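Student: Produce the entire structure from the sequences given, and follow the hints as far as they go.
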Amino acid sequence: MNPVATRRQFIGSAALVIGLALPAGRRAAVAAPAAPFSPNAFVRIAEDDTVTVIIKHVEFGQGPSTGLSTIVADELDADWGQMRMAFAPANDALYKNLQFGTMGTGGSTAMANSWMQMRNAGAAARAMLVEAAARRWRVPATEVTVSRGVVSHGRRKARFGELAAAASRLPVPEKPTLKTPEQWTLIGKDTPKLDSVSKSDGSAIFTLDIMRPGMVNAVILHPPAFGGRVAAVDKAAALAVPGVLAVETIPQGVVVYAEGTYPALKGRAALKVDWDLSQAETRSSETLIKVWAAAAATPGTQVEASGDVDGALKSAAKTIEAQYVFPYLAHAPMEPLDAVIEAKGDRVDIWMGSQWQVGETQAIAKAFGVAPDKATLHEQFAGGSFGRRATPNMDFAAEAGAAAAAYRDAPVKFAWTRENDIQGGRYRPLFVHRLRGGIDASGEIVAWDQVLAGQSIVIGTPLEAVVVKDGVDSTMVEGASESSYAWPNHRVGVHVMHSVVPPLWWRSVGNTHTAYTVETFLDEMLALGGKDPVAGRLARMKDARAKAVLTRVAELADWGRAAPAGHAFGVAMHKCFGTYVAQIAQVSRRADGLPRVHKVWCAVDCGVPINPNVIRAQMEGGIGYGLGHALYGDLKLGDGGRVQQSNFHDYRSLRIEEMPDVEVAVILSQEKPTGVGEPGLPPIAPAVANAWRRLTGRAVRRLPFAHGDNA
Amino acid sequence: MSTDFVLNGKPASFAGDPDTPLLWVLRDTLHLTGTKYGCGVAQCGACTVHLDGKNRRSCVTAVGSVAGRSVTTIEGAAGTTADALKRAWIAIDVPQCGFCQSGQIMSALGLLSARPDPSDDDIDHAMTGNICRCATYLRIRQAIKDAAASTKAAA
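Here the protein sequences line up with chains P and Y, keeping their order. Residues in the first sequence are numbered from 6 upward in steps of one, following the numbering used here. Residues in the second sequence are numbered from 638 upward in steps of one, following the numbering used here.
Since the hints were made in silico from the structure, they are not lab data. Among these hints, one or two may not hold up.
Unchecked claim - For lysine-lysine, the following BS3-like pairs were computed, each having C-alpha atoms within a straight-line distance of at most 27 Å:
1. P:240 <-> P:277
2. P:101 <-> P:180
3. Y:782 <-> P:194
4. P:323 <-> P:180
5. Y:782 <-> Y:647
6. Y:691 <-> P:604
Keep in mind the model is a prediction, meaning the values are calculated, not measured.
Tutor: Here you go:
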């Protein structure tokens with residue numbers, strides 16, 4: 006089902022900004038023949054009783070299609086079996102992320118921004134079905150009930166499909182009555198995910214699976230260093246490969262078009278390109294670390310300054326000083342970035358698992374020189390992202406658009422190879438932190454001094470105006486400047502470092518490094534002061550929800566018991582994107598000297614738990630993704646600025662035998678729901694590091710664990 | 638010169654370069670897209686198919702080498718064990734992004750065909766070559782055990 010055409014006329018209508026309560030006069034135009042009842046932008050009820058929820062967020066595994074549908078189904082009193090999902094078209098007026106102001110997914114905001122929107126959408130539809138039944142049966146609407154997709158009054162019953170046509174002629178209630186939490190039937194329950202069936206038999210369609218008549222396959226060769234450009238291309242050998250159709254140069258590199266992926270790859274391998282590397286980054290990661298570390302030794306821009314840190318350090322009974330190094334990390338989603346683009350006349354059709362739907366559609370329209378409303382996005386499932394599919398400057402859409410526009414004769418499937426992906430930049434930025442801390446004679450922490458140095462993701466992009474305040478990019482210091490703890494003398498400074506290596510948000514953004522330094526340095530300070538890691542944290546937490554998740558995870562793991570011989574426990578707690586997560590890891594030493602994580606206990610408070618099954622899955626996934634990178638993730642620039650890794654053989658992933666058992670406790674919260682896609686990640690690396698220090702006496706301050714410095 | 642082989646029980650033929658990896662023949666030419674590209678160098682397992690009943694990475698298998706042999710993809714994976722695996726996968730919602738799961742299921746099917754009642758070590762050994770960046774590994778392990786148990790109960 007594709008609702009694009011039927012709603013195009015509403016673009017820009019201010020009345021639709023909240024995506025609900027369409028003016029009655031326009032409602033008839035909304036209704037598509039396949040779904041006679043379309044009370045708002047999100048709900049479609051067909052004569053066959055199916056309820057389709059229009060999903061405004063990308064689905065790359067974090068479960069928003071199930072979560073958003075659950076909220077609608079509950080308010081609608083639908084049966085879960087009648088629920089279907091369809092992706093929304095690119096349309097900010099109807100489908101913008103209410104926290105972003107444009108369509109987009111990120112910052113674990115899908116549930117948080119849609120919660121009331123989806124409840125209202127479901128409740129409005131329910132009220133209209135009830136009113137239609139009441140009129141048909143000539144009974145008061147207040148006496149009509151709805152349960153599991155059946156509308157009833159006494160012995161009279163009607164299914165949604167039977168009432169759809171009549172309901173569609175009724176006015177849309179502006180403020181429908183919402184359920185109270187006691188009335189929820191699906192929210193808080195483990196509803197099955199809507200996309201599990203098609204993802205378990207090979208039938209789910211991703212962008213890479215889209216086929217168009219006459220389509221050609223295109224692959225790109227990027228410059229060998231960031232900031233490089235094409236100087237000259239010798240196309241002859243590539244064009245001589247059977248099946249290669251064309252070679253074109255675009256600003257991002259050299260594109261080979263062919264009848265199939267294999268000839269395209271052979272053609273790419275045969276290219277002879279002279280690169281202009283005069284503006285390229287030629288420094289190695291080791292050089293960058295030295296430069297960043299020198300900066301981190303000075304105070305930087307002050308983000309947090311309370312009390313008298315220098316005085317407290319001077320008078321402290323004991324102090325610790327430490328430098329931490331975090332490497333660049335690639336996201337490496339299983340499906341490398343891709344798009345299928347087809348131009349006909351002045352129209353452009355786009356098939357993509359877009360994370361930034363309107364911005365990417367506009368970027369591709371621009372590449373073709375057509376007005377934005379001439380480009381149509383057909384949103385697809387995306388094979389993972391972890392942040393990679395959204396960039397402030399729509400880098401991939403611009404590149405795919407340029408590649409397709411340079412070859413106008415046929416639809417183009419433009420797909421990155423894994424090598425493009427690993428070497429393509431947009432990394433979690435390299436960071437160096439310098440910390441100094443002091444405790445008094447009784448072991449209480451009296452001073453905390455932290456300086457961070459790294460690249461900003463947003464400075465110099467269109468998002469700078471939104472994110473940067475008082476010269477500080479908050480995504481660089483989140484989790485350090487505002488942590489869950491209160492220190493009497495607290496200072497945080499930041500240095501914005503510069504390189505043409507493009508940085509990007511990576512599953513939990515700044516929290517990927519700040520949670521590690523805060524939670525491991527804190528653990529060392531507590532140990533220095535003779536404090537228990539759990540009790541010591543609880544004593545300095547200022548937030549009841551933070552205390553509650555830490556207390557819950559300690560109960561779950563039976564904290565305080567002795568670890569089995571050769572094992573140790575470590576704990577960490579971190580709040581990000583409004584969600585609180587605490588984890589305890591049980592760790593031993595592998596034969597190769599790296600940590601083996603046997604089990605992770607996890608407590609999470611994400612507000613009202615819409616679907617605990619999805620929440621548990623995201624904690625498992627965040628732990629696995631975080632652990633894999635903590636152990637192995639090391640994207641290194643070598644001499645001349647060349648990326649040293651190229652594929653999964655040298656950019657190592659967590660594998661099944663390394664996945665710990667995970668036990669998750671979901672707090673039954675009444676707070677507004679917040680996200681779970683990212684917050685499961687930050688605590689795992691520090692929890693493992695804290696266990697490792699207890700086990701081996703060694704504090705890991707250079708990630709990953711596999712780095713030679715930790716041997 | 639064309640390459641003839643059996644695909645999901647039916648005759649199939651490819652007229653192009655016999656060096657072409659089977660993965661791209663399946664996807665680009667025959668439009669069987671359940672088999673995925675993830676790395677192209679046999680490091681991730683997303684492209685796993687069965688060649689004469691055994692697990693095979695189609696991204697490094699020249700189509701010429703499968704002449705006269707039998708290839709099974711996720712689309713053709715059928716029978717008691719395959720059905721049990723798919724049911725087990727759905728029952729505990731294994732997939733997240735889902736992109737690697739065809740390969741995971743084909744590797745699991747290869748495992749259960751050889752060892753109907755696998756130990757944890759058997760699962761580690763058989764599945765270590767299949768990367769899941771979403772890290773759905775716990776559920777993959779559980780679903781394999783559930784499928785093994787239900788297949789045994791049905792036998």
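Student: Determine for every hint whether it applies to the structure shown.
Tutor: Against the structure, the hints:
The straight-line distance between the Cα atoms of residue 240 of chain P and residue 277 of chain P is roughly 7 Å, inside the 27 Å bound, and the hint therefore holds. Among the hinted pairs, residue 101 of chain P with residue 180 of chain P is consistent with the structure: their alpha-carbon atoms are about 20 Å apart, no more than 27 Å. Taking the CA atoms of residue 782 of chain Y and residue 194 of chain P, the gap is near 25 Å; set against the 27 Å cutoff, the hint holds. Annotation: proposed proximity of residue 323 of chain P to residue 180 of chain P is violated, straight-line Cα distance about 60 Å (limit 27 Å).
Restraint check for residue 782 of chain Y and residue 647 of chain Y: not satisfied, since their Cα atoms lie roughly 31 Å apart, outside the 27 Å limit. A hinted pair counts as satisfied when its Cα atoms are at most 27 Å apart, and residue 691 of chain Y with residue 604 of chain P does not qualify at roughly 33 Å.
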